[in-house]
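**Q** Protein chains in written order, with our numbering: chain A, 12 to 515; chain B, 16 to 408.
None of these hints come from the bench; they were simulated from the model. Because the structure is a prediction, the values reported are computed rather than measured. Glycine included, every Cβ here is placed at the ideal spot set by N, Cα and C. Take these hints with a grain of salt, some might be off.
Claimed, not checked - To give a feel for the contact side, a few chain B residues facing chain A, derived at Cβ under 10 Å:
(1) Y102
(2) G104
(3) D114
(4) R150
(5) D154
(6) P155
(7) P175
(8) K177
(9) K178
(10) T182
(11) D205
(12) P315
(13) A317
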Amino acid sequence: MAFSQSTVPMRWPSGPLDIARQSKVEGFTPAARTALERWHEPAALDFIKNSPVDCLVISWAGGLPEDAAQQKTIAPLVAEAHKRTLSVIGWVDGKVDSTAAIASAKAAGLDAVAIEGFTGKSVFPVITWADRAKTPWDAASPVLAVTDNVWTGVRGATTPAAGEEATEAGPTAAPWLDFNSWFVQLARARVSKPVWMLFDPPGKGAVITAQAYSLAIADQESRGGRWVLSLDEKLRAGLASGDAAAQKIWQSVSDTITFFAKQHVAWRNYKCAGIVGVISNYTGDNYEMSGEILNLSGRRDLLCQPIWTSRAATTPFTGLKALVYADTAKPAPALRTKMMAFVQQGGLLITGPGWGNEGVALTGAAAPQMYDVDRYDVRAVGKGRLAVAKSELLDPWEVAADVNTLVSYGNDLFKFFNSSSTGCNYYTVAPDGKSAVLHGFSFAPPRGVRTAWLRDKHLGAKLWTIGAAAPVPLKPVPAEHFSGEEYQLPAGAIQNYIALEFEV
Amino acid sequence: MSNQIDRRTFLAGLGAASAIGFATKPLRAAAPVAPVSVAKCASYGSEFVTTAAKMFDQIGGLGKLVQGKTVGIKINLTGTGDRRWDYYGSGRSYWTHPDTVAGVIHLMDKAGAKRIRILEGAMSWPYSLAEFLLRANWDPKVLLSAGSNVELINTNMPYPGKKPYATFKVPNGGIIFPEIVMSTAYSECDVMVSMSKIKEHSAAAITLGIKNMFGATPCTVYGNKAGVDEPFPVPYGGRQEIMHDGSRPPTKIAAAEKDPKTPRQSGYRLPRIIADIVAAVPVHLTILDGIETITGAELPNANTKFVKPNILVIGTNVVNTDAVAAAVMGFDPMASKGTTPFERADNNLQFAEQLGVGSRDLKQIEVVGTPIKDALFEFRKVRAATPQPIPKA
Numbered sequence: 012m013a014f015s016q017s018t019v020p021m022r023w024p025s026g027p028l029d030i031a032r033q034s035k036v037e038g039f040t041p042a043a044r045t046a047l048e049r050w051h052e053p054a055a056l057d058f059i060k061n062s063p064v065d066c067l068v069i070s071w072a073g074g075l076p077e078d079a080a081q082q083k084t085i086a087p088l089v090a091e092a093h094k095r096t097l098s099v100i101g102w103v104d105g106k107v108d109s110t111a112a113i114a115s116a117k118a119a120g121l122d123a124v125a126i127e128g129f130t131g132k133s134v135f136p137v138i139t140w141a142d143r144a145k146t147p148w149d150a151a152s153p154v155l156a157v158t159d160n161v162w163t164g165v166r167g168a169t170t171p172a173a174g175e176e177a178t179e180a181g182p183t184a185a186p187w188l189d190f191n192s193w194f195v196q197l198a199r200a201r202v203s204k205p206v207w208m209l210f211d212p213p214g215k216g217a218v219i220t221a222q223a224y225s226l227a228i229a230d231q232e233s234r235g236g237r238w239v240l241s242l243d244e245k246l247r248a249g250l251a252s253g254d255a256a257a258q259k260i261w262q263s264v265s266d267t268i269t270f271f272a273k274q275h276v277a278w279r280n281y282k283c284a285g286i287v288g289v290i291s292n293y294t295g296d297n298y299e300m301s302g303e304i305l306n307l308s309g310r311r312d313l314l315c316q317p318i319w320t321s322r323a324a325t326t327p328f329t330g331l332k333a334l335v336y337a338d339t340a341k342p343a344p345a346l347r348t349k350m351m352a353f354v355q356q357g358g359l360l361i362t363g364p365g366w367g368n369e370g371v372a373l374t375g376a377a378a379p380q381m382y383d384v385d386r387y388d389v390r391a392v393g394k395g396r397l398a399v400a401k402s403e404l405l406d407p408w409e410v411a412a413d414v415n416t417l418v419s420y421g422n423d424l425f426k427f428f429n430s431s432s433t434g435c436n437y438y439t440v441a442p443d444g445k446s447a448v449l450h451g452f453s454f455a456p457p458r459g460v461r462t463a464w465l466r467d468k469h470l471g472a473k474l475w476t477i478g479a480a481a482p483v484p485l486k487p488v489p490a491e492h493f494s495g496e497e498y499q500l501p502a503g504a505i506q507n508y509i510a511l512e513f514e515v
Numbered sequence: 016m017s018n019q020i021d022r023r024t025f026l027a028g029l030g031a032a033s034a035i036g037f038a039t040k041p042l043r044a045a046a047p048v049a050p051v052s053v054a055k056c057a058s059y060g061s062e063f064v065t066t067a068a069k070m071f072d073q074i075g076g077l078g079k080l081v082q083g084k085t086v087g088i089k090i091n092l093t094g095t096g097d098r099r100w101d102y103y104g105s106g107r108s109y110w111t112h113p114d115t116v117a118g119v120i121h122l123m124d125k126a127g128a129k130r131i132r133i134l135e136g137a138m139s140w141p142y143s144l145a146e147f148l149l150r151a152n153w154d155p156k157v158l159l160s161a162g163s164n165v166e167l168i169n170t171n172m173p174y175p176g177k178k179p180y181a182t183f184k185v186p187n188g189g190i191i192f193p194e195i196v197m198s199t200a201y202s203e204c205d206v207m208v209s210m211s212k213i214k215e216h217s218a219a220a221i222t223l224g225i226k227n228m229f230g231a232t233p234c235t236v237y238g239n240k241a242g243v244d245e246p247f248p249v250p251y252g253g254r255q256e257i258m259h260d261g262s263r264p265p266t267k268i269a270a271a272e273k274d275p276k277t278p279r280q281s282g283y284r285l286p287r288i289i290a291d292i293v294a295a296v297p298v299h300l301t302i303l304d305g306i307e308t309i310t311g312a313e314l315p316n317a318n319t320k321f322v323k324p325n326i327l328v329i330g331t332n333v334v335n336t337d338a339v340a341a342a343v344m345g346f347d348p349m350a351s352k353g354t355t356p357f358e359r360a361d362n363n364l365q366f367a368e369q370l371g372v373g374s375r376d377l378k379q380i381e382v383v384g385t386p387i388k389d390a391l392f393e394f395r396k397v398r399a400a401t402p403q404p405i406p407k408a
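Can you build the whole structure from these sequences, using the hints too?
**A** Below, the structure is given as structure tokens:
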């Protein structure tokens, strides 16, 4: 069984192992137990009938006494899955002998087994998974599987239960948005294999709506990654009991996955039109800084392209307005020369104090703007600018904000108006350059009808919404106060995720 | 400004009056007056420039006011700029329109202004005003090139240099605050201009020249995360806690309010605070744009409606000008709290008048150009007559 970009995996908690784990969690109810039992039955596969899900990630071993019972009792489900041409991966975590887990999975006819941090050799397919901080970049795994991700959305917005954390805000009062797409982008810049993101919906007390699921899916899909679908306990129980509301949510989940995995497969290979390249080895402290710059820039709708230092020499800087180099160590001489050549030709390089100063200091009218360069010594070098931080780069939020304004909002590719809480939007271009897609996210209901502004003109545009039979053609209107063109989105376009597809 | 009662003379008299109980004896009859120009204007761009130029002449001429001076223009960019009424650009509905700003810069430059500063406390914005404008898709270059020496300054940030803030004393001790702290950018201006849309306000009833100056107070000192001892390094959110609600004092570099036992209600506090502000920082020219605007609130929401009154109101006395503009909106500038449009707020014109800034009495104010009755555009009636809420999304 080969796992490809088109594989749609779904986490499938069920049976003795998950019951044993969940029963240790406060608030585990008889209904939850019943649901785990129901999902263990072959008939549970009917819950996902006619959906694009084609791969189950079942609980296989957790180093618990229930492992044996789990593996024995799940056999009918596995057999039925295979009968329905679904592949099955056994999820292994905890203190488990990986050799034994592989052997048992093979004997049970599973298609693969997923083991944390696996670096050994195996003829039987093994998916190596790990937390982000230990991402198994170079593992011989058919899939890059990463855990320790966040639930997409406004932090705190889905956990309104008493005593829970309220919605958080960023340092200038903007709501704190959680998403994983920056990491997917980073991963896709490094590996060509499928990128699977693993995370669960928020726990008890949270109300997970269909729109919330759509956001979680689109967050990964818009960058070419894939969420290993994981349903919340209430939804699983609802599906198990035939609840109509649960079925409606599941249908929406299924529609969203279909939208990306079946209807718009080509979008996965579109390239980010980011104007800022963030160069780093993304390791240790550098990962913490440059990764967070990617994350926080995404929140600001500043489109960035991660550039791994190992690939920087062969990565063209074409189309970039700026480079950010925030690693603690100086770059290799060849890379430094390449970056300075970028500046000489008109680019902007933003970097830490270790770089040293070059060029002519910009003052007065030559400085970009008052305030904005306070933390940087900005100098003219050739046709471009070199911005060297006056002190160590310590706060990624501050760096991302500074980058945004040093690059200037005048270079924005797109903006949304009336999206009450937005960020994570993403503009991508087809490999042949003939079409482009703006993935639009809204983390709260819009304040009214929305307008999408784009810097560049396009030959045609259409609005895609999940579940709609067909796209809605859009006509541009000139922007009222400045440059660019605007698309007036229909009043009904209130989904948390929309896509604008352009003919370029 | 020949018709204006000299404000210094007036304040001298007010000083004597305060000794015998200013608060209980408003001196409306003696408050300064100056002509206010009203004109019909249907569009931005060249029609605005031509109309405004004529209006400036009607009130005494722009050159007399700005020649050789540093002019500060406080524009109104409330909110964060990503909100719109329907699909309309912010300048058409609730922000000062960029074409009016550029037009006024052009006219002032022509009239001999030495330096023109565009001032605004950009909300939650720790960077330049130029970048704030770009984020909202304005072109700052249009403003910067409309005159020979134009600056854009985000007054929500500490002013660069050794003196980031300046203190302005409110004559006669003020009503809520005895003094107001602002960016030093304001203290360096010889001439102060308040430039706003003509619109209603959810907490202060109306946003005109007086209310516009509320945004001149820096959020680093008066904002929700203003430091206790020192200003917060960056502006955070709005001014709800200190100004609207009075739930805490401003940063210590600013004087605390006079009487913390007064009502902690926005409708009580805002009208008084903005009167304190315009008393402390005299506004020499008020330019109010009612070509296009919204009714119902200061920001687009479900209750607001886009309207096109096609009017401009310009005057040298901010209270006089606001009084005329209020009348054009169909409101009585003499109205008290509890009556339209001051159902939830005190009448800020009343307090500005009491502080000696200017008269709100239409009988004393000379209106030049279009008579009020011909410019009348009754905001409440228009909104009620043709409900036009934002299309339900």
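**Q** Each hint: holds or not?
**A** Now for the hints, and whether the structure bears them out:
For Y102 (chain B), the interface hint holds, since its Cβ comes within 10 Å of a Cβ in chain A; the closest pair sits about 5 Å apart. At a threshold of 10 Å, the smallest CB-CB gap from G104 (chain B) to chain A is about 4 Å, leaving the interface hint in force. Hint status for D114 (chain B): holds, given a least beta-carbon distance of 8 Å to chain A, under 10 Å. With its C-beta approaching chain A no nearer than about 4 Å, R150 (chain B) sits inside the 10 Å limit, and its interface hint holds.
Given the 10 Å rule on beta carbons, the hint for D154 (chain B) holds: about 4 Å separates it from the nearest Cβ of chain A. The interface hint given for P155 (chain B) holds, since its Cβ lies 8 Å from the closest Cβ of chain A, which is under the 10 Å cut-off. Proximity of P175 (chain B) to chain A holds as hinted, the smallest CB-CB distance being about 6 Å (cut-off 10 Å). For K177 (chain B), the suggested interface contact is broken, since its CB lies about 14 Å from the closest CB of chain A, more than 10 Å.
With a least beta-carbon distance of about 15 Å to chain A, the hint placing K178 (chain B) at the interface is violated under the 10 Å criterion. Interface restraint check for T182 (chain B): the shortest CB-CB distance to chain A comes to about 22 Å, outside 10 Å, so the restraint is violated. Interface hint at D205 (chain B): violated, since its Cβ lies 21 Å from the closest Cβ of chain A, which is beyond the 10 Å cut-off. The beta carbon of P315 (chain B) is positioned within 10 Å of a beta carbon in chain A (closest approach about 7 Å), and the interface hint is therefore held.
At about 8 Å, the closest approach between the beta carbon of A317 (chain B) and any beta carbon in chain A falls short of 10 Å, and the interface hint on this residue holds.
The structure is inconsistent with the numbered hints 8, 9, 10 and 11, although it conforms to all the rest.
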